[in-house]
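These are the residues of each chain, in order.
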Amino acid sequence: MTFRTFTQRTAIAFSHILVATGVLAAPVTYQLRVDGLSCPFCAYGIEKKLGALAGVGRVETHIKDGVVIVIMKEGFTLDEATAKKTVKEAGFSLRKLEPAQSAP
Amino acid sequence: MKTVIKAGLSILCVWSGAAWSAPITFNTALPVHEGGYVLREQFMYMKIADDLTPAQRDMRVSGVMSVLGYGVTPDFALFGMLPWFDKRLDMTMGGQDLTRRKSGVGDLTLLGRYTAYQYDAPGRTLRIAPFLGVKAPTGEDSARDGFDRLPPQVQPGSGSWDVLGGAVLTYQTLDFQIDSQVSYKANREANGFRAGDVAELDGSLQYRLWPSSLGNGIPAFLYGVLEANLIHSARDDSGGIADPNSGGTTLFITPGLQYVTRKWIVEAGVQIPVVKNLNGTALKNNYVFTTGFRINF
Chain A
704 MTFRTFTQRT AIAFSHILVA TGVLAAPVTY QLRVDGLSCP FCAYGIEKKL
754 GALAGVGRVE THIKDGVVIV IMKEGFTLDE ATAKKTVKEA GFSLRKLEPA
804 QSAP
Chain B
7 MKTVIKAGLS ILCVWSGAAW SAPITFNTAL PVHEGGYVLR EQFMYMKIAD
57 DLTPAQRDMR VSGVMSVLGY GVTPDFALFG MLPWFDKRLD MTMGGQDLTR
107 RKSGVGDLTL LGRYTAYQYD APGRTLRIAP FLGVKAPTGE DSARDGFDRL
157 PPQVQPGSGS WDVLGGAVLT YQTLDFQIDS QVSYKANREA NGFRAGDVAE
207 LDGSLQYRLW PSSLGNGIPA FLYGVLEANL IHSARDDSGG IADPNSGGTT
257 LFITPGLQYV TRKWIVEAGV QIPVVKNLNG TALKNNYVFT TGFRINF
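Here the protein sequences come in this chain order: A and B. Every letter in the first sequence is one number past the one before it in the numbering used here, and letter 26, counting from 1, is 729. Every letter in the second sequence is one number past the one before it in the numbering used here, and letter 71, counting from 1, is 77.
Worth flagging that the hints you see were computed from the coordinates, not collected in a lab. Incorrect hints may appear among the rest.
[To be verified] In silico lysine-lysine, BS3-like type, Cα no more than 30 Å apart, as pairs:
1. 269/B <-> 767/A
2. 767/A <-> 787/A
3. 269/B <-> 751/A
4. 776/A <-> 751/A
5. 791/A <-> 767/A
6. 776/A <-> 799/A
7. 776/A <-> 788/A
8. 799/A <-> 751/A
9. 791/A <-> 751/A
10. 788/A <-> 799/A
11. 776/A <-> 269/B
12. 799/A <-> 269/B
13. 751/A <-> 787/A
14. 53/B <-> 282/B
15. 776/A <-> 787/A
16. 787/A <-> 269/B
17. 788/A <-> 751/A
18. 269/B <-> 788/A
19. 269/B <-> 791/A
20. 799/A <-> 767/A
21. 799/A <-> 787/A
Bear in mind that the values here come from a model prediction, so they are computed numbers and not experimental data.
Could you build all of it, start to finish, from the sequences and the hints given here?
Shown next, in the form of structure tokens:
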């Protein structure tokens, strides 16, 4: 095994370890089921409040389903207590917080 | 005429809370997010005409209502409303036509609203919010013209500290919204004149006309709006004597349209008095045209 091959194999193995430990994992995405959300003008407040949280990369609201998708920046997570408090501050009620599929 | 003017203007007094996707002519119980602002600019034109008395009074009022709402907490919001009026009264006196006119900033109303009951479910919400406010005499109330001191109806301000309070109920779904409000405004004396207290019962239905079905994201809504305002005004008191030609009950019906997006709303409506049970001199015709926008930030 040449030195170059050894280096390549080591790098690949190391990257597998990082992925396995979550260091290089894709950003975490959450689905918030929000009760009371029933008009476009109301959605602004909830997006503003959630968007201001540390580590939040993007917020998408689908009012038909009462769902707010929160895509975190790499290395950040969102806990239920914080989500519940933030949704309450926007004037609504959090029914459920659940991880969604990872962002592309 | 005083009663009709008062009924029309009293509607403007309770606009201060109407800053969300909400009725055009009165308040709502929908929230202002904590730390957030809602700005509303409302333009109105009111015509009061067809006076049957020899004075043949004809009054036209244009105005701009600036409303700023702030969410102190998720349940408590403060609203400030500052109007600007241009009031013109044409009349006949002694066979001569007479015009009395004044424009300027009106009285500032500050109002607090607390959400006392809230039930949220997927795609709908039910809220009840009492509110209490005070109207400060910031507008000019002793303006004069070449004839004399202008009558109270033409002054931009009332000169009095007044109190208003009430409660509003809102039921909102993705398809429609219903609002109902009861309110009372207690007027106090200034310059020897006290406008009669005003009690009001309001109802509003907003129905989503477009889009007929919702897709993903936050689509804009076009609401058809139908509102009713039942306004009872007590007799005015001038120099300690009740004015027999003041006070009474008016029912306004307001059809309108509202286009609602995530950031802003534009709207327009016409308030038409369908019932006028007034004391003393009755007037046949008047309307209030209103249009404006709201933004949140």
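Do the hints match the structure? See the list:
no., hint, verdict
1, 269/B <-> 767/A, "18 Å, holds"
2, 767/A <-> 787/A, "20 Å, holds"
3, 269/B <-> 751/A, "11 Å, holds"
4, 776/A <-> 751/A, "16 Å, holds"
5, 791/A <-> 767/A, "20 Å, holds"
6, 776/A <-> 799/A, "21 Å, holds"
7, 776/A <-> 788/A, "20 Å, holds"
8, 799/A <-> 751/A, "19 Å, holds"
9, 791/A <-> 751/A, "13 Å, holds"
10, 788/A <-> 799/A, "13 Å, holds"
11, 776/A <-> 269/B, "25 Å, holds"
12, 799/A <-> 269/B, "26 Å, holds"
13, 751/A <-> 787/A, "15 Å, holds"
14, 53/B <-> 282/B, "15 Å, holds"
15, 776/A <-> 787/A, "19 Å, holds"
16, 787/A <-> 269/B, "23 Å, holds"
17, 788/A <-> 751/A, "14 Å, holds"
18, 269/B <-> 788/A, "23 Å, holds"
19, 269/B <-> 791/A, "20 Å, holds"
20, 799/A <-> 767/A, "16 Å, holds"
21, 799/A <-> 787/A, "9 Å, holds"
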